[in-house]
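Visitor: Residue numbers (our numbering), protein chains in the order written: chain A, 34 to 347; chain B, 1328 to 1617; chain C, 30 to 518.
Take the hints with a grain of salt, since some may be wrong.
[Said to hold, decoys possible] To spell it out: a stretch of chain B is covered by chain C in this simulated footprint if at least three of its residues, at any positions, have a beta carbon under 8 angstroms from a beta carbon of chain C; those stretches are: (1) 1361–1373; (2) 1468–1477; (3) 1507–1519; (4) 1579–1586.
Simulated from the structure, these hints should not be mistaken for lab results. All residues carry an ideal CB built from backbone N, CA and C; glycine is no exception.
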Amino acid sequence: MTNAQPTPITTPPKGKPKLGGMARKEERSFYLFILPWIIGFLLFDAGAIIASFGISFTNWSALSAPSYVGTLNYSRLIADSVFYKAMGNSLYYGLGSVGLGTIVSFLLALLLNQNVWGMSLFRTIFYLPSVVSGIAVAILWIMILHQDFGLINSFLAWFGIKGPGWLVQPQWAMPSLILMSLWSAGGSMVIYLAGLQSVPTHLYEAAEIDGADTFQKFWTVTVPMMSPVILYNLIVGFIASIQGFVTVYVMTNGGPANATLVYGLYIYRTAFINFQMGYASALAWVLLVVIILITVVQFIVARYWVYYEGDLKS
Amino acid sequence: MQTSVVYPKRQLGIRGRAIAGKVITYALLLLLSISFVLPFLWMVSTSLKLSQDVFTYPPSFFPNSFEWTNYPRGWRVLPFNTFLINSLIVTLANVAGNILSCSLVAFGFARLNGRGRNILFLLLLATLMIPREVTIIPRFLMFSAAGLTNTLWPLVLPAWFGYAFFIFLLRQFFMGIPLDLDHSARIDGANNWQILTQIILPLSQPALASVAIFAFIGNWSNLLDPLIYLRSTELYTLALGLNLFRGQNFTQFNLLMAVSIITLIPVLLMFFFSQKLFVQGVSLTGMGGR
Amino acid sequence: MGKHEEELARELQRRGMSRRDVLRIGLRMGLGAASMGLLLAACGQTASEPAKDAAADGEAAAEPASESIFDITAGDTGAWPKSAIAEPGDKIEISVGHTWDAVFFERQLQFDKLFMQRHPNITVKAENTPWGEYRQKYTAAAAGNAMPDILYTQFSWAQETIRSGLYIALDDYIAKEKDFNLGDFTKPSLVSYQYDGKLWGIPYDEGPGNLYYNKDLFDAAGEAYPDDSWDLEKLKAVAIKMTKGEGPDKIFGLGELPSPGDSLMAPNYLFPFGAQYLSEPKEDECLINKPEAVTAMEWWEELRAKGAVPSPADLQNVAWPAFQFGKIAMTLQGSWATPPIQAGSKFKWDIAKWPKGPKVHTTFSAGSAYMITRDSKNVDAAWLYMNEYLSTAGQTYMWASTGRGSPSRLSAWPAYLGSKFAPAGAKNVEEAMSQGIGTHDILDQPTGPRVTQAAGPIWDLVVAGQKSVKDALDEIFAAVDPIIAENRM
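Extracted from the complex, chain A is given alone in its bound form:
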C-alpha cells in the first residue's frame, strides 16, 4: 500500500483468485464459518418467512382458521389506492431520511473524530437522542412543531409570520418527520466513527507528503476508505426506514390525510387493528420484493464507487 490516493478506479484490489485445487477446501471452510447463521436461519427465520408467504394467499384474521383465497390479496393490493400512497410515503421518507441522515451523521462523525478534550462526552451526548425514551423525543418535537403552541411558530409570530401546522398540513407533515429523524443520526454516526478510526493513518501521511490539502485528503483517502461503511449505512438505513413506523405512529399516526401513512404502519394496522393477516402478509411480501430490488441495485452501483481493500474478486 504505497498509493496515497486509493480510488476505486486507480487502485486495483489486491485479492487474487484462489488456485483451483484450494477452491474446494476454501468452499468447505466458507460453509463451516457461516454454518451458525445457516442453522439459525433454518431454525428461526425460514419457517416464519415461508409461513408469511403462505399466509398471503389466505384470508386469515389470526384469530380463527385461515381460508385459501388464491391471489385475491395480491389483486386487491393492485386496486388499493392506500397501498400506493403508503409505498410512496415510505420511499419519500426512506430517501429523505437516509439521504439527509447520511450527510448529517457523516459530518457529525468527522466533527467527533477529532482529538480534542472531552470527546467521549460529546459523542455520548450526540448519541443520546438515539437511546432516550421515544416519548421524550416525540413530546419535545411536538412542543417545537405544534401549530398553536409550538416554539417555531411562536418564534415566527414575533415577526408577524403565521407558521403552518407542521404536523397538521399534509404537505408539511412528512418533511417535519424527516427533519426529526436527523436527531437520531447517532446510530450511523457510531458506525462512521468506527470506520474513520479504521482508516490507516499512513495513508494520510502519504497524501500529505504528496502535498494534498485537507479537502483533497478527504476526497482521496477518507471517502474511498469509508465507502464500504457508507454503503452499509445506505442499505441498512434504507431497509430500516422503509419499514419503520414507531416515530410516525407516535407523532401523527399516519395523518393528516394519510400524508405520513408509511408502509410499516399500514401493515401494522392491517394485521393488528383490522385483523387481516393475509392481506398484511401480501403487503409485506410486495415490500420485500421492492427492498430486494433496491438493495440489488445498490450493490450493483456500489461496484463503481465502493472500494474494498480486501476484496476477494478482482
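Take the given structure of chain A and dock chains B and C to it, following the hints.
Guide: Showing chains B and C alone in chain A's frame:
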C-alpha cells in the same frame, strides 16, 4: 528581510489556524450538543416534576420543585430489581452471542469464497427486509410448539446464530482489511481460525465495539420480543416494565421518566467507556496497513 | 369535615403525593381556606415525618407499611357474591390478562391477593401488558391457542374477536347465579359484548362522553358554568365567546370538533340534529352525506372558522387529553378522562353533561370488558373470579373507591360518587348513564376500524382547509360504502 518577516508570520498563522480550528470545533460541538441533549434534559426535568407540572404551556423547562422521591417511588411501583436482572441476562447473552457468531459468519462472507455466496448473502439480508409484523405470529407459534414461550430462551437463543445487521456490518469492515495480511499469515502456516482471531478481530476493534453497543442497546430497549414471549411478571425486562407506565388512559410521566433515566444509565456508561476501544483501533489498524 | 380532609390527605400521601401535591389537589377541589388548613394539618399528622418531604431527601420508605399506594383493605365492603359454582377441589391456577398502567396494577394485585385468601385452591396469575402493544401480544397468543383464562377486551375489537370464537358464552353461568342481576349493568355497557343472542363478556366500565370545563377560564371570562339548561347552540356561542388571544397564550373555547375518523362521533355531533353516520346498529348503510348530516357538520365547522378550536392536538398521541394543559375552556371526553385530568391539570375544573340538541339529547358511551377465553383450562374457576371481580363489591373495590370511576354496574356508582376522588360534577356522569342520554350507537362492528381509517384522511383535508364539508362527506360515502357492504350480508 522578507523571509524573516514572513517566516514567523507563517508559523503564527499555522498555530493561529490550529487554535481557530479548535475554537470552531468546540463552538460547533457545544452548539449542536445543546440541541441533541434537549430530549434528555426534558426527561430529567420531567422526572423531577410534580405530575401537574409536567405539561404546561408555554412549556417550562425547570421544575418548580425538585421531587427526587419520584426516583425511588417509580422504581418501587413494579419489581424493577427483577426486571433489571432479566434485562442484564438477556442483554449480556445477546452481546456475547452476537459478537461470537457474527464474527464467524462475517469472516466467512468477507474472506472465503464458495458457491452460492452472493445468493446466501442476499438471503441473509432478506431476513431484515421482511416486515416483522407478519413474521411475529409464525415465530411465536414455533417457539410455542417448542415449549419455550414464557421463558427467556426466545430472547437469548437467536443471538448465538448470527444477526444480519451485525454480520453485514462486520463483513464491510473485514473487507476493508488488506488481503495481503491473510496471505502472509497463510504462508506462515496460519489457518482460518487463527487469521480471524489474530489478525482480523484485533484490527476490527471499533467495528466490534459498534456491534457490542448496538447489541447492548438494541436488546436493552427491545420491547416487542419480551412482550410477545413473556407472560409472567417475574420474567419481564426493563423495557417491558417501563412501557407499563403508559396506560390506556393514564400515564404518570414523571415516574416514567425517572425510571427511564435510571435504566438509561447503564447504556450511557457502556457507550461512554466503549469509546476507548474506538481509539485503540486506530493505532492497530495503522500498524496493520503498513 | 375535618375527618374528610384527614382521610383525603392520608390517601393522597399513600399514593406517593407530597404535601405540595395535596395542597394543589385541595385547591383544585375548591376547598376553602379552613378546609385547606385542615388538609395540611392532616398531612402533617399522617406523614411520618413531614419535614422529610420538604427536605426531599429521597427517603420515601419512611413508612414501610405503606409500600403500596393503595390501602389493601380500603374499599373492601366484604359483600362478595356467593356463587352457585363449586370451589375447585384441587389447587388450580388461572391467568388473567390485563392492561393496567403500572401504578394501578398494584390495586389489581391487591384484589387478587384478597381473592386468593377467599379461594385458597385458586391461584391467580395476573399478566399485565402495555396498552400500546396489547393487541399484538394477544393476537399472537390467540393464534397459538395460548390465551390466558380471562382476557381484557375493549369495545372496539370485541365484536371481531367474539365472532372469531375466542370466548365462551356466559349466559349459562349468569343464569345459575341468583345475585348476578344483569339489569344492574347500564344498558349501553352490554351492547358490544352481545352476539348471536348470547353474552360473551362482562363489562367492567362504561362511560359516557361528558363536557369537561375549565372553571378558572370560565371565572376569568365571567361566564356561567355549563349546566343542564344548556343546548348545543349555547355551547357554540360560549365557545366562540371564550376564544381569545394569540400564539402560546391563546384560549380555545372548545377542545375538538367531530371527525368521521372517530368511531364515537355520531351520538354527540349528529344524532342531536337528526343525522347519522352509519345506520345503527347494523352499520350497513352510510348516511353521512345526507342533507341533515351535511348541515350538522357544517354547523360544527363554523367553530373552526372562528378559531375556537385548536388545530388537532398532536400531543394527544402522547399526553391525552389536551384539556389538561389549561388552554381549552371545554372539551368532550369520555368519563375515563377524569383520572388523567385529576393528575395532570393545575386548574379548577368540573364535569357537566353534554348539552342537548334540537332533536335529541345523546352522548356516546363506551367501555371495556373481561371475557373467559376458549383456551381456559379452568372455566369454572375463571367464572368464580369474574363473578367476584365484576360484582358490585368488586367494582367498588377496583374502580369506585380508587377514583377510576365509570363502573358498569349502577349499584357501584354511589361508592364512586361518595369517594374523595369524585369531582362535584361526577353525578352528571352517572345521570347521563341512568337517564338514557349515553348511547352505545357508535361504530363497533368489525368494519369500524376500516371505516374510520378510510374516512379520517378525507376529513383531514377539511381540517386543513383544503376541501369543503359537502365534497368531503360525498367522498367519505364513496369510500365507506364498499367497506360496509359486508354488513349487508
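Visitor: Apply the coverage criterion to the stretch 1507–1519 of chain B and chain C: a residue qualifies when its Cβ sits closer than 8 angstroms to a Cβ of the chain, and three qualifying residues are needed.
Guide: violated (count 0)
Visitor: Under a C-beta cut-off of less than 8 angstroms, do 3 or more residues of the stretch 1361–1373 of chain B approach chain C closely enough to confirm the stated coverage?
Guide: Since three or more residues must qualify, the claim that chain C covers the stretch 1361–1373 of chain B is violated, with 0 doing so at under 8 angstroms.
Visitor: In terms of beta carbon proximity below 8 angstroms, does the stretch 1579–1586 of chain B have 3 or more residues touching chain C?
Guide: Our answer is that it holds, as 3 residues pass the Cβ test (under 8 angstroms) against chain C, meeting three.
Visitor: With a C-beta cutoff of 8 angstroms, work out whether three or more residues of the stretch 1468–1477 of chain B approach chain C closely enough for the coverage to hold.
Guide: holds (count 3)
In terms of the numbered hints stated before, the structure departs from hints 1 and 3, listed from lowest to highest.
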